[in-house]
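If you want the building blocks of each chain, they are given just below.
2 protein chains.
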Amino acid sequence: MNVILIHEHEVASDGRVRLDDRRAEHLRQVLRKTSGMPVRVGLVGGWLGTGIIEGIAADGVSLRCDFTEPPPPKRALTVVLALPRPPVLRRLLAQMTSLGVERIVLLQTERVEKSYWDSPALATESIAEQLQLGLEQAVDTMLPQVEFARRFGRFVQDELPGLAPRILVADPRTMKPCPANVTEPLAVVFGPEGGLIPPELERLVGAGAEAVTLGSRILRVETAVVGTLVRLGTCS
Amino acid sequence: MNVILIHEHEVASDGRVRLDDRRAEHLRQVLRKTSGMPVRVGLVGGWLGTGIIEGIAADGVSLRCDFTEPPPPKRALTVVLALPRPPVLRRLLAQMTSLGVERIVLLQTERVEKSYWDSPALATESIAEQLQLGLEQAVDTMLPQVEFARRFGRFVQDELPGLAPRILVADPRTMKPCPANVTEPLAVVFGPEGGLIPPELERLVGAGAEAVTLGSRILRVETAVVGTLVRLGTCS
Numbered sequence: 372m373n374v375i376l377i378h379e380h381e382v383a384s385d386g387r388v389r390l391d392d393r394r395a396e397h398l399r400q401v402l403r404k405t406s407g408m409p410v411r412v413g414l415v416g417g418w419l420g421t422g423i424i425e426g427i428a429a430d431g432v433s434l435r436c437d438f439t440e441p442p443p444p445k446r447a448l449t450v451v452l453a454l455p456r457p458p459v460l461r462r463l464l465a466q467m468t469s470l471g472v473e474r475i476v477l478l479q480t481e482r483v484e485k486s487y488w489d490s491p492a493l494a495t496e497s498i499a500e501q502l503q504l505g506l507e508q509a510v511d512t513m514l515p516q517v518e519f520a521r522r523f524g525r526f527v528q529d530e531l532p533g534l535a536p537r538i539l540v541a542d543p544r545t546m547k548p549c550p551a552n553v554t555e556p557l558a559v560v561f562g563p564e565g566g567l568i569p570p571e572l573e574r575l576v577g578a579g580a581e582a583v584t585l586g587s588r589i590l591r592v593e594t595a596v597v598g599t600l601v602r603l604g605t606c607s
Numbered sequence: 372m373n374v375i376l377i378h379e380h381e382v383a384s385d386g387r388v389r390l391d392d393r394r395a396e397h398l399r400q401v402l403r404k405t406s407g408m409p410v411r412v413g414l415v416g417g418w419l420g421t422g423i424i425e426g427i428a429a430d431g432v433s434l435r436c437d438f439t440e441p442p443p444p445k446r447a448l449t450v451v452l453a454l455p456r457p458p459v460l461r462r463l464l465a466q467m468t469s470l471g472v473e474r475i476v477l478l479q480t481e482r483v484e485k486s487y488w489d490s491p492a493l494a495t496e497s498i499a500e501q502l503q504l505g506l507e508q509a510v511d512t513m514l515p516q517v518e519f520a521r522r523f524g525r526f527v528q529d530e531l532p533g534l535a536p537r538i539l540v541a542d543p544r545t546m547k548p549c550p551a552n553v554t555e556p557l558a559v560v561f562g563p564e565g566g567l568i569p570p571e572l573e574r575l576v577g578a579g580a581e582a583v584t585l586g587s588r589i590l591r592v593e594t595a596v597v598g599t600l601v602r603l604g605t606c607s
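These protein sequences, in sequence, are chains A and B.
Position in the first sequence counted from 1, then plus 371, gives you the numbering used here.
Position in the second sequence counted from 1, then plus 371, gives you the numbering used here.
None of these hints come from the bench; they were simulated from the model.
Possibly wrong hints are sitting among the right ones.
Pairs involving identical chains hold if they fit within one copy or between any two copies, as the list cannot separate such chains.
As the list claims (entries may be wrong) - Straight-line distance between alpha carbons at most 20 Å, and here's what the computed SDA-like set of lysine to any residue pairs gives:
id	residue 1	residue 2
1	547	576
2	485	441
3	404	565
4	404	441
5	485	408
6	485	382
7	485	400
8	445	548
9	547	473
10	445	390
11	547	604
12	485	431
13	485	378
14	445	383
15	485	543
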């Protein structure tokens with residue numbers, strides 16, 4: 372937790388905030404803050420700033436907050452991800468958020484197990500929790516947008532082309548290496564653990580996506596997604 | 372499991388192999404192989420090839436193996452990693468292996484919790500298991516070398532300079548961006564979750580390491596390591 376994130380409704384009209392959950396615990400037990408000390412704070416959906424600790428005790432922490440700086444810029448990047456198994460989804464949501472991804476689309480493909488769509492990892496609160504962990508890690512305040520696309524064909528035809536002027540699809544079978552340090556707005560599509568099936572890849576390419584590879588080694592989805600995002604230079 | 376890895380002592384003099392563990396299970400239950408079908412095999416420390424299934428039943432699988440192709444090249448890359456907490460270590464060992472890292476040094480630094488050195492994740496069999504998962508993922512046969520360096524000062528002075536002609540250290544406080552697509556032999560140093568302390572960074576730089584950053588966002592060690600390796604172009 373590299374920033375204490377605060378929601379607008381938690382800020383009183385005089386800028387004071389009272390915390391009594393894991394954030395208070397973190398200030399007391401991990402950061403060992405005492406009265407009068409400053410702490411990095413951020414308003415979810417708003418700016419970053421400084422909180423001065425006015426009181427700290429076992430039953431909670433009170434802070435006076437000043438939000439004075441904009442959050443780090445997001446990268447104009449959409450990740451389209453075949454829905455992975457729940458533990459991988461959880462870790463990837465946090466990692467993609469910490470890397471500054473602006474928009475995440477979770478996609479049904481032939482090799483996505485249908486039962487994954489019923490996982491508690493897809494509940495609004497569970498997704499919100501992972502996104503918040505990612506923001507807290509990277510000292511950011513702006514949540515990425517998360518969407519679901521359960522109809523592959525319709526998504527590729529109607530929505531994919533509008534996501535970004537340049538669309539990549541990671542595919543270990545192609546020879547074209549994934550570019551590095553791309554600054555233009557991008558969408559990147561990642562297949563599931565067993566890969567996209569050939570007709571899916573064809574439809575993506577037909578809709579304007581460029582197939583690119585990270586090399587001939589077959590990588591886990593988690594490795595490929597994080598690696599590609601850093602390679603593309605998503606971190607500001 | 373994208374390749375069935377076999378140890379030399381398991382191969383009979385006529386090239387036949389009998390499996391009755393999770394590999395046999397995988398062939399039967401996941402790949403649903405039947406008699407006469409080919410399967411990708413690899414000899415740990417040796418070559419890749421094809422196994423023809425001669426018999427497959429609940430009590431085991433027998434294969435006739437031919438090892439005909441060299442494994443994918445490793446990248447001349449050493450990762451020096453402040454010992455992370457055990458679950459992260461396990462995942463990273465497998466991921467670094469799948470990315471073709473040649474050598475891994477696990478390092479003690481000021482902010483590494485000493486108790487991590489007593490974790491079962493550091494047992495020889497536990498490390499071997501993760502390395503094997505990484506090889507199975509990436510269709511490789513060559514295990515990376517894993518070493519421990521529990522004395523930071525001595526390691527940096529005596530061993531680090533000999534690891535590679537170019538040494539990088541990941542540090543979010545520097546301004547110099549991490550390069551992409553480096554082909555020369557490299558060593559890359561990653562600090563622990565709380566970062567290297569300034570005197571440690573100074574000693575590393577004094578020993579010839581270049582501090583580089585992935586950007587101002589603070590990333591988890593797992594995200595930074597995987598991202599940096601893919602960015603450097605470690606995948607063959």
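Checking each numbered hint in turn, tell me which of them this model violates, lowest number first. Result: hints 2, 4, 5, 6, 9, 10, 12, 13, 14 and 15 break, sorted rising.
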